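Turn these sequences into a full structure, and let the hints guide you.
Respectively, the protein sequence lines represent chains A and B.
Residue 343 in numbering that gives the first Met the number 0 sits at position 344 of the first sequence, and the numbers go up by one each step.
Residue 10 in numbering that gives the first Met the number 0 sits at position 11 of the second sequence, and the numbers go up by one each step.
Accuracy of the hints is not assured; some may be wrong.
Claimed, not checked - Here are the computed lysine-lysine pairs in the DSBU-like style, where the Cα-Cα straight-line distance is at most 30 Å:
1. A:LYS659 <-> B:LYS123
2. A:LYS358 <-> A:LYS303
3. B:LYS59 <-> A:LYS303
4. A:LYS437 <-> A:LYS159
5. A:LYS171 <-> A:LYS659
6. B:LYS148 <-> A:LYS659
7. A:LYS133 <-> A:LYS19
8. B:LYS56 <-> A:LYS358
9. A:LYS590 <-> B:LYS56
10. A:LYS358 <-> A:LYS149
11. B:LYS86 <-> A:LYS590
12. A:LYS647 <-> B:LYS123
13. A:LYS331 <-> A:LYS269
14. A:LYS133 <-> A:LYS465
15. A:LYS647 <-> B:LYS148
16. B:LYS86 <-> A:LYS358
17. A:LYS147 <-> A:LYS590
18. A:LYS358 <-> B:LYS138
19. A:LYS465 <-> A:LYS149
No lab work stands behind these hints, which were simulated from the structure alone.
Just so you know, these numbers come straight off a predicted model, no measurement behind them.
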Amino acid sequence: MEDLYIIKRNGKREPFSVEKIKNAISKAFLSIDSFATQEVLIDVMSRLKIYDGISVEEIQNQVEFSLMAERYYEVAKAYILYRQRHYEDREVKEKLDFLINYCNASNAATGSKYDANANVERKNIATLIGELPKSNFIRLNRRLLCDKIKDMFGKEVADKYMYLLNHHFIYKNDETSIANYCASITMYPWLLGGTRSIGGNASAPTNLKSYCGGFVNMVFMVSSMLSGACATPEFLMYMDYFVRKEYGEEYYKESEKIVDLSLKQRSIDKVITDCFEQVVYSINQPTGARNFQSVFWNVAYYDKYYFQSLFGEFVFPDGTKPVWESLSWLQKRFMRWFNQERTRAVLTFPVETMALLSKDGDIMDTEYADFTAEMYAAGHSFFTYVSDNADSLSSCCRLRNEIQDNGFSYTLGAGGVSTGSKSVLTINLNRCIQYECKNNIPHLQFVGEVIELMHKVQTAYNENLKYLQEKGMLPLFDAGYIAINRQYLTIGVNGLVEAAEYMNIPINDNERYQHFVEEILGLVEMYNHQFRTKELMFNCEMIPAENVGVKHAKWDREDGYKVPRDCYNSYFYRVEDDSLNLIDKFRLHGKRYIAHLTGGSALHANLEEHLSQAQYRQLLRVAAQEGCNYFTFNIPNTVCNDCGHIDKRYLHECPECHSKNVDYLTRVIGYMKRVSSFSQARQEEASRRYYGNM
Amino acid sequence: MKYYNFDIVFQEIPDEVTLAVNITNCPNHCTGCHSPHLHGDIGFPLDESEIDELLAKYGKQITCFCFMGGDATPQEVAKLAAYVRTKAALKVAWYSGKPQLPDTFTSFDYVKTGPYRPECGGLKSRSTNQRLYRNSGGKPIDITARFWK
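In structure tokens, the structure reads:
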């Protein structure tokens, strides 16, 4: 027995010691006021089958059985309880280690163990409080889901779900929260009755001031009941209504008029931009209820065709209708103000989307096309959604939705704006495809099985959500801010480019690649249709790689899969590829590739320098021609760490104080953030990006 | 006339989305040249059928077609420029390294002149010897200042 080694919990080998086992057994006897004689010890020990490389857990399991076989039940019970106490101790110790590591991490995102997409700038006690229970949430969520899968589809499916999850074929997004994911809300119920229906105490807004203040509170409340983003596509439309009520229908024609009797002598324009300031700065504050994350807030702008389509039937509670001319002015004013304000402060939210309707390879509303190009040229960073049909809209940072119902309801407002994603479950395509190849499984057979299972899992998730709603836990649904049957269950894809690379398919616009993409995304769409019911809608989205792409790359590499980069792409092209020009990238995010991505994807055109208005205007045409429906231009902004100056350009030296101690703001997912606040792995991805073709 | 590669560029011609073809066999041999690989007689033949292919792929998305180089055979550049104009409603530009405007100026919408001199810098430098002209009804307008924002 002298040459035997055991494996400790930390994975280290240690010579096997009979004395240690004897001691443990003796202590168990003593703990119930009994005593183990040498004979007793030998009897118990003789039943153990120790072999080289046995784990501590296994030895302890054998001791339990041995004690029971020798009929020392009381001792066995004491021994089991003793093991459990130690297990709990170790768990606390792990948390303690995590706490210390978190305190030592370079920033909040790197310190986060489970969900590095934390939109927090700095780590502190509040962000730590948010991190600590995350592992418990993951366990709870898995248990909830597995129990429901067992109920609905049997134990085998539940076990397979856990197998695929634990072996990283699939990834459950946002498992660290128990709330449903993201939503684009209709604010009509709030306009009618305030926040009481969702548990607040505010009555309906009645003027510009109560609208702005109430809006901030409402967004905080809604966000605290979601794990992801909250989009308010009507923010400016309602604001325009209150401005008109206060300063007249034609306020935008006399915006310089002084309307303030205080010593400040503020103009209409100043009153309005003060409102912008109040709302935007308030919402960018870290929030207590969200562990010091700011809420993730999205707004939308519309061209006149989208406005017509979405709000043509809309009626405010006082019977009046929205007015395009003043809303259009307010939209432009907000965008220009926000662009300017971003040179003063790092303002991450709102994430903005401009919705433009296209026809015959160009944007129909030329005024808004020119304005959109003007704002890009002025250095503003926002998304553009282009569609040749107003039946779809993207109101979140990427989430695209088919508009189910453009009608108007006197209790719920505009039907088209209410949407979202209840839950995202992502397939790791790189691993699935490589697994098929390595095991000689026919192409896409395993992938198909995984996708089918994902739909069952999502169906089970939906049942759990319905249960929560039945118990009154989801007031956002009950109050009509969002509708449970208008929210999608999202199948996310990650590792698509990497899977194609593994199959030696060139990652550019060619028939093989197009076919590969169509085949896989088409398969997802087929199951999306198959599982669709009156209350279940599925969509497919190329998820922003946030931290999932980093995790997949790491896990796949550890398990011997081919991994070409440290963070899987969120695009249809390789992020570091300098052989593709900008038009190629629009093409790869064009209709031939994104057709089955019903939930959307975003082209982030990384550029080193800003283009001119005329050039951006032409690129809007390119987007319309190629059918690239969602995109943004990403030019790193420079922030001076010494004087705080923010410049819209990508500079190596501060133009104000000439310090070389500069940081950059860029988009990693949907939103602008300091590069130094990204997690370590994301910072590396950002540094490898190709800011192209200047 | 041969070309080495092409790219979609934004900085070379203001306000245009430009497909730029890099022509090889450059005779100028400027000191401090950024693309010495273009000195050799290498690459693919640039002719009408090659241009047809490029236009089929990018003609609708671009606003300008630019010949980068080609000073060894200026007449050929002008001929292909005329061909581009017959095939598509595009602006045509030429990045020449010669100090003066070519006789064929009217075949182009933009012409850049001047060899690269390291002491003067490229178009973005205020002391540059290079010039970018826009063809305004046959008259060359110097728009070099557009690079000095």
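Hint check results:
1. Using a Cα cut-off of 30 Å, the hinted pair LYS659 (chain A) and LYS123 (chain B) holds, with the two alpha carbons roughly 22 Å apart.
2. For the proposed pair LYS358 (chain A) and LYS303 (chain A), the alpha carbon gap of about 14 Å is at most 30 Å, so the pair holds.
3. Between LYS59 (chain B) and LYS303 (chain A) the alpha-carbon distance is near 26 Å, which keeps this suggested pair within the 30 Å criterion.
4. For the suggested pair LYS437 (chain A) and LYS159 (chain A), the alpha carbons sit about 20 Å apart, so the restraint of at most 30 Å is met.
5. For the proposed pair LYS171 (chain A) and LYS659 (chain A), the alpha carbon gap of about 41 Å is over 30 Å, so the pair is violated.
6. Simply put, LYS148 (chain B) and LYS659 (chain A) have alpha-carbon atoms about 22 Å apart, close enough for the 30 Å limit, and the pair holds.
7. Simply put, LYS133 (chain A) and LYS19 (chain A) have alpha-carbon atoms about 36 Å apart, too far for the 30 Å limit, and the pair is violated.
8. About 21 Å separates the Cα atoms of LYS56 (chain B) and LYS358 (chain A), which keeps this hinted pair within 30 Å; it holds.
9. Simply put, LYS590 (chain A) and LYS56 (chain B) have alpha-carbon atoms about 16 Å apart, close enough for the 30 Å limit, and the pair holds.
10. For the hint pairing LYS358 (chain A) with LYS149 (chain A), the CA-to-CA distance comes to about 49 Å; that exceeds 30 Å, so the pair is violated.
11. This hinted pair checks out: LYS86 (chain B) and LYS590 (chain A) have alpha carbons roughly 26 Å apart, not beyond 30 Å.
12. Distance restraint check for LYS647 (chain A) and LYS123 (chain B): the Cα-Cα separation of roughly 19 Å lies within the 30 Å cut-off, and the hinted pair is therefore satisfied.
13. Restraint check for LYS331 (chain A) and LYS269 (chain A): the C-alpha separation of about 15 Å stays at or below 30 Å, so the hint holds.
14. A hinted pair counts as satisfied when its Cα atoms are at most 30 Å apart, and LYS133 (chain A) with LYS465 (chain A) qualifies at roughly 23 Å.
15. Between LYS647 (chain A) and LYS148 (chain B), the direct Cα distance comes to roughly 14 Å. Compliance with the 30 Å bound is thereby established for this hinted pair.
16. Between LYS86 (chain B) and LYS358 (chain A) the alpha-carbon distance is near 24 Å, which keeps this suggested pair within the 30 Å criterion.
17. Distance restraint check for LYS147 (chain A) and LYS590 (chain A): the Cα-Cα separation of roughly 38 Å exceeds the 30 Å cut-off, and the hinted pair is therefore not satisfied.
18. With a C-alpha separation of about 37 Å, the suggested pairing of LYS358 (chain A) with LYS138 (chain B) is violated against the 30 Å cut-off.
19. Taken as a hint, the LYS465 (chain A) and LYS149 (chain A) pair is honoured in the structure, with Cα atoms around 17 Å apart against an allowance of 30 Å.
The structure fails hints 5, 7, 10, 17 and 18 (numbered hints given earlier, in ascending order).
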